[in-house]
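Undergrad: The whole structure should be built from the sequences, with the hints applied where relevant.
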Amino acid sequence: QVQLVESGGGLVQAGGSLRLSCAASGRTFSRYDMGWYRQAPGKGREFVASIRWGGVSTTYADSVKGRFTVSRDNAKNTIYLQMNTLKHENAATYYCLAGNIDTREDHWGQGTQVTVTS
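Quick note on numbering: the sequence shown equals residues -10 to 107 in our numbering.
Quick caveat, the hints were computed from the structure, so don't treat them as lab data.
Heads up, the beta-carbon is just placed ideally off N, CA and C, and yes, glycines get one too.
A couple of the hints might just be wrong.
[Unchecked claim] Only pairs whose alpha carbons sit at most 35 Å apart, straight line, appear in this in silico DSBU-like list of lysine-lysine:
| id | residue 1 | residue 2 |
| --- | --- | --- |
| 1 | K32 | K65 |
| 2 | K65 | K54 |
| 3 | K65 | K76 |
| 4 | K54 | K76 |
| 5 | K54 | K32 |
| 6 | K32 | K76 |
[As the list claims (entries may be wrong)] Here are the in silico distance ranges between beta carbons for each label pair:
| id | residue 1 | residue 2 | range |
| --- | --- | --- | --- |
| 7 | W97 | S46 | 16 to 26 Å |
| 8 | A3 | E94 | 14 to 24 Å |
| 9 | S46 | E94 | 12 to 22 Å |
| 10 | D95 | S60 | 14 to 24 Å |
| 11 | Q102 | Q(-8) | 18 to 28 Å |
| 12 | T92 | A3 | 39 to 49 Å |
| 13 | Q(-10) | K54 | 27 to 37 Å |
| 14 | K54 | A29 | 16 to 26 Å |
| 15 | D62 | Q99 | 30 to 40 Å |
| 16 | G43 | T106 | 18 to 28 Å |
| 17 | L0 | G43 | 29 to 39 Å |
| 18 | D91 | K32 | 31 to 41 Å |
TA: Okay, here's the thing in structure tokens:
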């Protein structure tokens, strides 16, 4: 079973950038499709971006296309979310999701909070 720890959240001014990281335990990280989701107060959890196990195929929510970039380093068991030109509506708790491509099991991290200030 994989365990996920997100980091990199914090306070950032609108228009600024942050890079989130999600570090995974375990020896089979390359067998997981990975994704980022977020949840703002009072709202449901929504998809942000994903990256397939091979690191080539990525998908983004329309609202973040062109501003956010998801990447992974399988040697470091880590995925990243580079967030540029942040907007107030991007403020949320960001969660990392790992989906095992063999067992179809999903695992969530605890989240990291992003606050966008004026």
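Undergrad: Now tell me if each hint is right for this structure.
TA: The hints, checked one at a time:
no. : hint                        : verdict
1   : K32 with K65                : holds (32 Å)
2   : K65 with K54                : holds (25 Å)
3   : K65 with K76                : holds (30 Å)
4   : K54 with K76                : holds (13 Å)
5   : K54 with K32                : holds (21 Å)
6   : K32 with K76                : holds (17 Å)
7   : W97 with S46: 16 to 26 Å    : holds (21 Å)
8   : A3 with E94: 14 to 24 Å     : violated (37 Å)
9   : S46 with E94: 12 to 22 Å    : holds (20 Å)
10  : D95 with S60: 14 to 24 Å    : holds (21 Å)
11  : Q102 with Q(-8): 18 to 28 Å : holds (19 Å)
12  : T92 with A3: 39 to 49 Å     : holds (41 Å)
13  : Q(-10) with K54: 27 to 37 Å : holds (32 Å)
14  : K54 with A29: 16 to 26 Å    : holds (19 Å)
15  : D62 with Q99: 30 to 40 Å    : violated (21 Å)
16  : G43 with T106: 18 to 28 Å   : violated (37 Å)
17  : L0 with G43: 29 to 39 Å     : holds (34 Å)
18  : D91 with K32: 31 to 41 Å    : holds (32 Å)
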